Amino acid sequence: MKTTRTFLAALAAATFTCAATAQEASTSTPEDAVGNEAAVEPKSVQDVVQEYLDAKGWTDGENAKKDGSRFYVAVGYGAIQAPIDSRSYSDSRVNAYNKAMLDAKAKMAEYLEISIRTETEHEYAEGGFGGNEAAETDEASLTSKLKRLIHAKIDDALRAEGLDPDSADRAARERIAKKQLNSDFYRKVISTAAKAEIMGMQVACSFEGVPSGKKGEIGVVAIWSEKLQAMALSIGRGGKLPSGVGKRPVRDQIPSDKKVLLSTFGIQQKIDENGNLVLVAFGQAGAVSDSPQSANAARNKAKMQAMAAIREFAGETVAVTTDAMNAESVDEFENAAEEYNDASAYSQKIKAVAETMKISGIATIKNWECKHPITGRTIYGAVCAWSPDSAARAQSMKRTMDAAAAGAGSVHATLPVANPNGSLQGQGADADEDAF
Amino acid sequence: MKTRTFAATALLALWGGFCSCGADWLSVARNMVEDGETSRIGNAGDTGGYVIAIARIGDVGEASDSEKVAAARIAGKRIVAGVIGGENVAVQEAFSASEATSGDESSSEETFSQSIKIDVDALLKGVMTVGMVDADGGSYIVLLATQKNADASQALAAAAGDSPNTVRVVGFAPLGGGDVATAQRLALDSAKSQAIEMVLGTTVAATDASMDAKASAKVFANAAGFIKQFRIIQEGKVGDSAYRTEVVVEVAKDELLNSYKSALESMGDVKFFVECGDRFIREKLIEAFSGWGCNVTENRDSAQYLIACHGGFQQTTHPANGSDGTRCVLSVRILDSATGREMLTAQNDTKKSVTFTGDETRRRRLSAEKAMKEIHATIHEKLDEMVRGMVASGRDARLEFDNYSSTYAESLDAIVAALEKVPGCQAPKIAADESRGVATVTFRCTTDIDTVRKFLADAMASASIPFRPRLTASNANSIAFEW
Chain E
0 MKTTRTFLAA
10 LAAATFTCAA
20 TAQEASTSTP
30 EDAVGNEAAV
40 EPKSVQDVVQ
50 EYLDAKGWTD
60 GENAKKDGSR
70 FYVAVGYGAI
80 QAPIDSRSYS
90 DSRVNAYNKA
100 MLDAKAKMAE
110 YLEISIRTET
120 EHEYAEGGFG
130 GNEAAETDEA
140 SLTSKLKRLI
150 HAKIDDALRA
160 EGLDPDSADR
170 AARERIAKKQ
180 LNSDFYRKVI
190 STAAKAEIMG
200 MQVACSFEGV
210 PSGKKGEIGV
220 VAIWSEKLQA
230 MALSIGRGGK
240 LPSGVGKRPV
250 RDQIPSDKKV
260 LLSTFGIQQK
270 IDENGNLVLV
280 AFGQAGAVSD
290 SPQSANAARN
300 KAKMQAMAAI
310 REFAGETVAV
320 TTDAMNAESV
330 DEFENAAEEY
340 NDASAYSQKI
350 KAVAETMKIS
360 GIATIKNWEC
370 KHPITGRTIY
380 GAVCAWSPDS
390 AARAQSMKRT
400 MDAAAAGAGS
410 VHATLPVANP
420 NGSLQGQGAD
430 ADEDAF
Chain C
0 MKTRTFAATA
10 LLALWGGFCS
20 CGADWLSVAR
30 NMVEDGETSR
40 IGNAGDTGGY
50 VIAIARIGDV
60 GEASDSEKVA
70 AARIAGKRIV
80 AGVIGGENVA
90 VQEAFSASEA
100 TSGDESSSEE
110 TFSQSIKIDV
120 DALLKGVMTV
130 GMVDADGGSY
140 IVLLATQKNA
150 DASQALAAAA
160 GDSPNTVRVV
170 GFAPLGGGDV
180 ATAQRLALDS
190 AKSQAIEMVL
200 GTTVAATDAS
210 MDAKASAKVF
220 ANAAGFIKQF
230 RIIQEGKVGD
240 SAYRTEVVVE
250 VAKDELLNSY
260 KSALESMGDV
270 KFFVECGDRF
280 IREKLIEAFS
290 GWGCNVTENR
300 DSAQYLIACH
310 GGFQQTTHPA
320 NGSDGTRCVL
330 SVRILDSATG
340 REMLTAQNDT
350 KKSVTFTGDE
360 TRRRRLSAEK
370 AMKEIHATIH
380 EKLDEMVRGM
390 VASGRDARLE
400 FDNYSSTYAE
410 SLDAIVAALE
420 KVPGCQAPKI
430 AADESRGVAT
440 VTFRCTTDID
450 TVRKFLADAM
460 ASASIPFRPR
470 LTASNANSIA
480 FEW
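Taken in order, these protein sequences are the chains called E and C. In terms of numbering that gives the first Met the number 0, the first sequence opens at residue 0 and continues consecutively. In terms of numbering that gives the first Met the number 0, the second sequence opens at residue 0 and continues consecutively.
Derived by calculation from the structure, the hints in this document are not laboratory data. Here the structure is a predicted model, which means the values were calculated and not measured. A couple of the hints might just be wrong.
Pairs of lysine-lysine residues, derived as BS3-like cross-links and limited to a Cα-Cα distance of at most 25 Å, are as follows [stated by the list, open to error]:
1) LYS350(E) / LYS239(E)
2) LYS350(E) / LYS116(C)
3) LYS420(C) / LYS357(E)
4) LYS357(E) / LYS147(C)
5) LYS453(C) / LYS260(C)
6) LYS116(C) / LYS357(E)
7) LYS357(E) / LYS453(C)
8) LYS260(C) / LYS381(C)
9) LYS187(E) / LYS348(E)
10) LYS348(E) / LYS116(C)
Examples of chain E residues lying across from chain C (beta carbon under 10 Å, computed) [to be verified]:
11) MET303
12) VAL329
13) ALA353
14) THR355
15) LYS365
C-beta atoms are modelled at their ideal positions from N, C-alpha and C, and glycine is treated no differently.
All chains, full assembly: derive it from the sequences and hints.
So this is what it looks like as structure tokens:
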């Protein structure tokens, strides 16, 4: 806890610096403002996340609590792709959080089990071509991209001699190739795949950073523990979980500062006044217009995001595949010229599916709205809560209805502060370490 | 603020009333509104488990005041239904990122998609309108469901105080044009409906699919036939806009619990046809099924369920005196008239139908009477099981398409995808017969077909369907289209 306080103090100081800059900017010339802006280098989300982990004494991967219990930490990032002046900016922030959480889940899935395939190829050739390379061309393969590069070079040489590459015969192509003394081609492809059922992953803390004039980013520190997994299982199977020492009522643990809520995404496990575990999910959405109907839709979408977080916590199948390729080629020609080419490609695909699950006992314990500090547009938020106790109570009422039918509180560290240059740094509500 | 409070009360009056409840719930609700809380599940000493839901009134385009209140009440019920009945939540996310460089050229691409589908399909019972709250710059309707009220007999006993079969409710009606007599009657009707709704319940269907949200609530029963007697405690005008009637209603509890009328009505206009070679047995079956609240029709084609009775008479002799006897073999089945699926089967104990009195004609009559009397309880018990099953886990329903050909295969798939978004519709299966030009989609349905039709129309409107079929007809278990 001491480290947390130290960290929070440090962040508060950083925020204060930003706030002071804003104050100065309001009373000085634009030129001065530019100077001030240069003087204060805003921290990247990665920096803030690392500081958070350092303050907690956590590392990305497996960690141990004081009582010896193990938990896993995964960090994920997602970029806010929409331009700041876009109406979609609010939803893009939500997408950025979802991408960050998906990134963290993918890391967890890869940690649990990953299959790795590598393919390395080194080709050295002198003179003409062997075989029919055109037949080997596979549009989808990364290798083919490299081979196409070589063909492109021969095509260029043909064009330089006034020949049409499309109609050039094999003899002409070989003649050109012969001018090439040798070629050295290297390629390495790494492919990984992981698939796992991820359940009980919560947000320890989320961070939002929007550097002035640049795309914003959201970072998430996600955690998994056996305690969280037990809670996730209880959503689908029911059952009571052991209770502990009571804390404040969950409603009192929800940040009252809307600016903290603005940077709080996802789901967190908390302990209520009776010592029972409660899941609290945070959702938010922007309105597409200023109409009341649009506001209603945004409130509803925010609630859906919160409910989706509960569903995802209960378990989802996460599949991730990555392909990375690095390649280079050196061609030596008769005129002593040498040409170096390099190419690389990287792709990642993550898919998470949470099939339909009926969840009883979800209550919406808070709705909020506030203006985004940069865009000035209203963000609507919802906070939903679920616990085994609320589910049991709801199901008991449902059974009665069916039968008759046919007869340590959150510490809110840094407030998001916007400076006149349109940058933002925000940190969401911190998780209760006793609850996971 | 005073003006707004009056306006809120007037709005509520236009909707039609709320129950007489303690003021504590309104205080709780007011605090909830101020904290931005819209639903709470908890436990209170006197009511047991409870769910309190708050829905904002207004923001419904150009709707009238009464429509705004009605919409808010449906929204409130959707909240209660979600908390108690459960939210069916499905989430799918896909992310891909790629980058490639070749020499000095580089490109990168990132895509992300998320789909969230939430639907609700639940039966609510004992949900009360506690009242209205003016706070935070708006008017809110407050609904309450309690464990105590969810149990019909407990609710009747607790809410009334007079006798175990009575409930105290308040009805409101607008004083349109100063017509007191009409307002008086409407307020009383409203109170009676609420009494029944409190006991029998309301079905709520809702769907939220990313951008679209829709909710529908259907009163599970109408008041007719279930009100034994009532006593007006207090009545009179509320200002110049509404008429208020506080009434104690005695609900015909036995009739209410023994009749399947309400349950079957909640599925739509479900009809039965009795098919039996023996006129006497047929009449007895019609009498029995009608008495249990089933809508028995004389038009076989309009019936969704067929009550098929088969049987015969067997000759026997008295073991002691050797006299002639007759016994009746009776078998009653209920079949889905469209699919032929057997829903219920019951057979009599033939030994109990033996009679040795009179000539053969008389013996047959007496034997049939005995058989009917004996099988009556068995059928009632199995019908009870069947209807409860239909209410709880759904029944078979169909979408039927005429003029089908493979040209419409893609459209059919799109319609099935739309059907899957309709609350209360599950496990659709396609059976297409191009040679006959017919396609049928069967599915399990836990709601009435009108609600299915309404939600399906919305889902189809937003779906990409190359060839849209025309709606031609619908009945309690099927919707017919043609291309």
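Outcome of the hint check:
Of the supplied pair hints, the one linking LYS350(E) and LYS239(E) is violated, its CA atoms being roughly 32 Å apart against a limit of 25 Å. Using a Cα cut-off of 25 Å, the hinted pair LYS350(E) and LYS116(C) holds, with the two alpha carbons roughly 17 Å apart. The suggested pairing of LYS420(C) with LYS357(E) holds, with an alpha-carbon distance near 15 Å, which does not exceed 25 Å. For the hint linking LYS357(E) to LYS147(C), the alpha-carbon distance of about 24 Å falls within 25 Å, and the restraint holds.
This hinted pair checks out: LYS453(C) and LYS260(C) have alpha carbons roughly 23 Å apart, not beyond 25 Å. Among the hinted pairs, LYS116(C) with LYS357(E) is consistent with the structure: their alpha-carbon atoms are about 12 Å apart, no more than 25 Å. With a C-alpha separation of about 23 Å, the suggested pairing of LYS357(E) with LYS453(C) holds against the 25 Å cut-off. Distance hint between LYS260(C) and LYS381(C) is fulfilled; the C-alpha atoms sit about 16 Å from each other, no more than 25 Å.
A threshold of 25 Å between alpha carbons decides the hint, and for LYS187(E) with LYS348(E) the separation of about 20 Å falls inside it, so the pair holds. Straight-line distance between C-alpha atoms of LYS348(E) and LYS116(C) comes to about 22 Å, which keeps the hinted pair within the 25 Å bound. For MET303(E), the shortest C-beta to C-beta distance to chain C is roughly 5 Å, which falls under 10 Å, so the interface hint holds. Here the hint on VAL329(E) is broken, as its CB sits about 13 Å from the closest CB of chain C, past 10 Å.
Interface restraint check for ALA353(E): the shortest CB-CB distance to chain C comes to about 4 Å, inside 10 Å, so the restraint holds. Below 10 Å, beta-carbon pairs count as interface contacts, and THR355(E) has one with chain C at about 4 Å; its hint therefore holds. Interface hint at LYS365(E): satisfied, since its Cβ lies 5 Å from the closest Cβ of chain C, which is below the 10 Å cut-off.
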